[in-house]
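A.B. asks: Chains as they are written, first to last, in the numbering used here: chain A, 106 to 699; chain B, 106 to 699.
Some hints could be false.
Remember, identical chains collapse to one label, so a pair may be satisfied in a single copy or spanning two.
Computed cross-link-like contacts, DSS-like style, restricted to lysine-lysine with a CA-CA straight-line distance of at most 27 Å [what the hints assert, rightly or not]:
id: 1; residue 1: Lys549; residue 2: Lys331
id: 2; residue 1: Lys562; residue 2: Lys646
id: 3; residue 1: Lys646; residue 2: Lys626
id: 4; residue 1: Lys564; residue 2: Lys124
These are calculated hints, taken from the structure and not from any lab test.
Protein chains: 2
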Amino acid sequence: MRWSQSLIPTQKQNPADAKIVSHQLLIRAGFVRQLTAGVFDFLPLGLRSLRKAEQIVREEMNAIGGAEVLLPALQPLSLWQQTGRDKSYGDNLFRMKDRHGATTVLVPTHEEVITELVCGTINSYKQLPLTLYQIQTKFRDEFRPRFGLLRVREFLMKDAYSFHATSESLDQTYNDMYAAYEKIFARCGLAVSAVEADSGPIGGSASHEFMATCEAGEDTLLISDKGNFAANVEKCEIGTRSSDLGGAPTGELTRVHTPNLPGIDEVAARLKIPARQMLKTLVYTVIGKQDDAERVESLASPKWLVAVVRGDHAVNEAKLKRAASEYFGVADVELIDNPTVRASWAIGFVGPDRAVNDPLSVVLIDLDAGNAADWCTGANEADHHVMHFNWLRDAGDKLADPKKVRVVDVRNAVAGDPSPKNDGGVLSERKGIELGHVFKLGTKYSVAMGANFKDDKQKEYPVIMGCYGIGVGRILIAAAESLSDEKGLSWPVAIAPYSVVVTPIKYDGEMKDAADSIYAKLNAIGIDTILDDRDQRPGAKFADADLIGFPVRVTVGDRGLKEGVIEVKARKAAEAEMVKLDDVIARVQELLKA
Amino acid sequence: MRWSQSLIPTQKQNPADAKIVSHQLLIRAGFVRQLTAGVFDFLPLGLRSLRKAEQIVREEMNAIGGAEVLLPALQPLSLWQQTGRDKSYGDNLFRMKDRHGATTVLVPTHEEVITELVCGTINSYKQLPLTLYQIQTKFRDEFRPRFGLLRVREFLMKDAYSFHATSESLDQTYNDMYAAYEKIFARCGLAVSAVEADSGPIGGSASHEFMATCEAGEDTLLISDKGNFAANVEKCEIGTRSSDLGGAPTGELTRVHTPNLPGIDEVAARLKIPARQMLKTLVYTVIGKQDDAERVESLASPKWLVAVVRGDHAVNEAKLKRAASEYFGVADVELIDNPTVRASWAIGFVGPDRAVNDPLSVVLIDLDAGNAADWCTGANEADHHVMHFNWLRDAGDKLADPKKVRVVDVRNAVAGDPSPKNDGGVLSERKGIELGHVFKLGTKYSVAMGANFKDDKQKEYPVIMGCYGIGVGRILIAAAESLSDEKGLSWPVAIAPYSVVVTPIKYDGEMKDAADSIYAKLNAIGIDTILDDRDQRPGAKFADADLIGFPVRVTVGDRGLKEGVIEVKARKAAEAEMVKLDDVIARVQELLKA
């Protein structure tokens with residue numbers, strides 16, 4: 106491609122609203138242009154990188170026996186009602202009325218449609234296993250689109266779905282997919298960690314995320330220094346901790362006035378204690394019901410679930426919900442938001458003593474929050490706290506009732522925690538961008554939608570499923586975040602928009618002829634090359650080439666030509682090298698392989 | 106690909122609602138599956154053919170210097186309001202409120218977004234000309250999705266847009282694009298006619314449609330037997346016709362009672378005259394206004410436009426609107442639908458005499474409707490007609506007032522009409538499927554959205570634009586409609602899902618080894634091959650292969666193997682041939698080139 110025939114609107118200034126490197130550079134280098142919040146044009150360079158990443162994904166999906174399909178983005182709402190995901194996706198799901206008044210959704214994921222497809226086409230174990238995938242545009246009504254291409258409303262995804270007669274077969278495909286993902290990201294030149302992950306609204310029994318670690322990441326990962334464990338904070342378990350609900354009291358329970366202090370850190374500062382000496386008490390409304398049979402051993406019908414964690418810790422809602430279900434038969438909870446109820450609880454100043462003694466509450470205390478004798482807690486009245494709270498002295502008899510109170514892990518892991526492998530490993534934190542996610546779905550969707558197969562005895566079973574996503578655009582973000590420098594982007598060859606830019610100092614006379622010739626030769630041997638035929642100062646051309654980050658620049662100047670040499674520079678190299686005219690192509694090939 | 110790893114749900118019966126061959130066969134052969142009205146899953150075979158067509162389109166766009174982009178489907182309504190197309194697309198445009206209440210549209214075409222892109226990135230004549238294209242999923246809220254993939258709500262299109270400083274430059278790209286379209290359809294193995302077309306809601310000064318002629322086509326084309334003219338009926342001009350408003354009357358004006366006759370044909374039958382002896386009179390409401398300056402020569406402010414055509418002809422609204430604008434300064438018209446007004450006009454029984462004498466009406470009489478002396482027309486009263494109407498005797502003096510009445514071409518061309526080339530050519534009719542459309546847009550969008558460039562004297566002008574679409578899925582429809590036979594589909598090699606199917610009679614023992622070997626060899630030399638490794642009767646495998654329409658089938662049987670021969674059959678050939686094992690690959694290559 107000639108530069109003059111493409112559209113590469115580079116700019117010198119970062120866009121005002123671009124806070125992360127990938128957003129700044131992909132805009133500045135003319136890869137994308139924002140149309141509206143969370144919606145981008147992919148310009149020629151951006152699309153070329155996107156298509157190269159897409160093709161790598163496709164090849165690796167084909168290599169493990171995946172068959173490519175293309176499923177619609179427009180779907181009837183009724184399909185989503187069959188699995189209840191019309192509710193669980195909530196406002197993230199775009200909905201519209203068509204001209205006849207039917208509600209149509211514009212979707213972010215395809216479990217329902219692929220299960221419907223399997224319902225209509227698969228009926229025998231002989232047709233299993235089967236892996237279908239697509240590379241398709243998804244839509245998601247993000248509450249707050251942000252970080253450039255990271256949180257957008259329209260994006261390209263690869264989503265794959267596998268179908269099995271046995272869980273062993275699912276395990277096999279899950280492992281194949283896991284290995285394919287590692288190959289994909291390695292081919293794209295990215296360092297990626299696979300971490301244990303929570304399944305979230307997709308559901309299922311096991312899942313891993315593939316994370317590119319970089320500062321701009323929205324996710325927090327915890328990684329053991331033993332190198333044998335990594336997980337998303339949402340999913341991360343913590344190694345064994347003990348808890349004795351503290352020892353003997355260290356002082357009188359003392360009420361203190363703490364007005365105009367917006368958070369725990371401010372209260373701790375005022376009281377001159379560390380935040381880790383405070384207890385954070387959150388009150389949730391119990392919603393949904395479980396079967397009575399499951400609830401028989403627990404409090405008959407709790408109305409509130411109270412969580413207590415140390416002041417410097419955060420509640421992990423996935424852990425909280427699992428524990429609430431396991432110990433108290435609670436189906437689901439949500440933070441109370443009714444203002445009257447919040448006032449009656451004195452939210453922000455709740456003391457765990459009240460929760461333990463409230464007949465309609467059940468309480469989950471994190472192990473660390475139960476493991477000291479002297480705490481500062483809310484005083485059950487606005488703008489007041491108490492000092493020297495002691496669980497055994499001040500919480501009352503109900504503390505020992507296992508139908509009422511449990512001391513268990515309900516918080517997010519943090520740096521310094523023991524690894525859940527319990528091998529002496531210590532966790533550290535990283536930020537990461539989620540590039541891919543693999544799930545063992547089990548039969549959640551096949552049962553909801555009646556996707557069954559017959560075994561060799563003609564007996565019917567629900568199909569066992571897995572699903573596997575990659576955000577193709579996020580591969581570009583991760584490369585921009587992790588491989589750029591002060592001059593701009595620096596692409597791995599595999600996903601560079603062009604591998605080589607040929608830059609004549611002036612596109613005229615002998616320089617034009619030499620540039621044309623090198624450009625033609627490189628393209629002829631399959632090296633993807635762009636010719637900078639613009640009438641621009643050399644400095645501007647070089648700055649654009651560095652900003653865009655082509656892996657190799659070949660510069661054709663008149664002085665060099667007189668001496669029979671051409672300047673060749675790898676984007677990553679500090680210096681250019683002068684190469685004899687006849688050796689240019691070979692040298693470029695070497696640099697691209699390096 | 107192994108058949109067992111793909112999903113190819115062939116079926117023996119036509120789907121109940123499938124009325125056209127392409128719909129029947131693409132479903133039966135497992136290329137697509139309908140999810141809901143006008144929304145389809147592309148299954149593995151369908152997607153492979155689609156991607157091959159897409160790649161041919163991409164290569165030819167690149168060959169004429171197009172740069173590929175990918176623009177969003179989600180767009181703010183405000184963008185469409187800038188060009189007024191939020192109104193002109195009407196209910197065909199999907200609209201929805203996002204979670205913050207903003208109206209977002211899901212679009213069928215990208216003139217607005219590409220013009221916005223050019224506004225933000227192009228400012229100098231040095232950046233022109235430029236051709237951008239994309240291959241992207243479009244959405245259209247069809248009133249009545251039908252004919253399988255032909256009228257759908259979600260579909261893949263290639264849309265290209267070109268930008269120019271001069272109209273000569275637009276002409277050049279328009280011609281390049283026209284030639285590229287001819288190459289694309291030829292490479293896809295389709296016979297396609299380029300016809301003159303009306304620009305419709307896209308707008309612009311010139312356009313051509315690329316039509317695959319086949320019975321299932323929704324469009325009517327007129328083609329001259331001289332081979333030098335073809336046009337869509339919406340656009341088709343007619344060669345010179347004369348009109349003298351008839352000669353002397355042939356009988357007394359006679360009123361007849363014609364109750365319970367729903368249409369012209371029924372009236373003509375009752376009166377025992379041919380429909381061509383009747384006049385059809387349609388009444389339109391004048392809507393919109395033109396500048397007073399344009400209207401100064403015409404009737405001050407007509408309220409109705411009346412069109413008169415021969416009973417066997419149909420009004421061409423594009424011609425009617427152009428004539429109404431040219432002769433009477435009327436901006437736009439629509440058929441009256443107010444019931445009171447319809448009753449007052451006695452719609453269905455309007456006589457042209459009333460229209461000519463109505464002070465608020467202007468009248469356009471088609472040349473053929475003005476070219477005889479004896480007509481049957483409405484009697485201006487429900488359920489009544491008059492016989493022996495004669496223009497000169499019965500229409501009154503106003504007939505001669507050119508500000509009031511014009512006798513011009515306002516009808517659709519029909520078979521038998523003279524070619525507009527006026528070279529003695531006679532038009533015939535064909536049905537066609539529109540595969541592509543090219544438009545000279547001019548400055549409609551750049552003026553509306555302020556997309557200007559500066560010339561070498563820093564003077565600003567609106568960018569001149571062209572736009573060019575191809576319905577990629579329709580290439581598959583056209584192939585299915587025009588190349589299938591009683592056994593099923595029959596693909597051109599270029600867009601076949603696989604070029605070759607290798608079919609072992611039984612996938613076992615020596616047959617398995619030989620089939621595996623041929624399959625591997627064909628794929629290794631780049632021949633796209635599928636291996637039918639299913640445990641099925643040979644007859645079922647052959648029937649599926651014919652239904653799907655792979656260009657070549659290689660059958661591996663045990664008897665042949667003993668004799669060292671393999672059966673090779675081209676889908677289009679009547680008979681299979683026995684080929685020596687060593688010659689199979691070469692023979693397949695020959696057949697694919699044929």
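A.B. asks: Decide, hint by hint, whether the structure agrees.
C.D. replies: Going down the list of hints, with the structure as the test:
no. : hint               : result
1   : Lys549 with Lys331 : neither (35 Å within a copy, 66 Å between copies)
2   : Lys562 with Lys646 : between (70 Å within a copy, 25 Å between copies)
3   : Lys646 with Lys626 : within (21 Å within a copy, 47 Å between copies)
4   : Lys564 with Lys124 : neither (57 Å within a copy, 37 Å between copies)
In terms of the numbered hints stated before, the structure departs from hints 1, 4, listed from lowest to highest.
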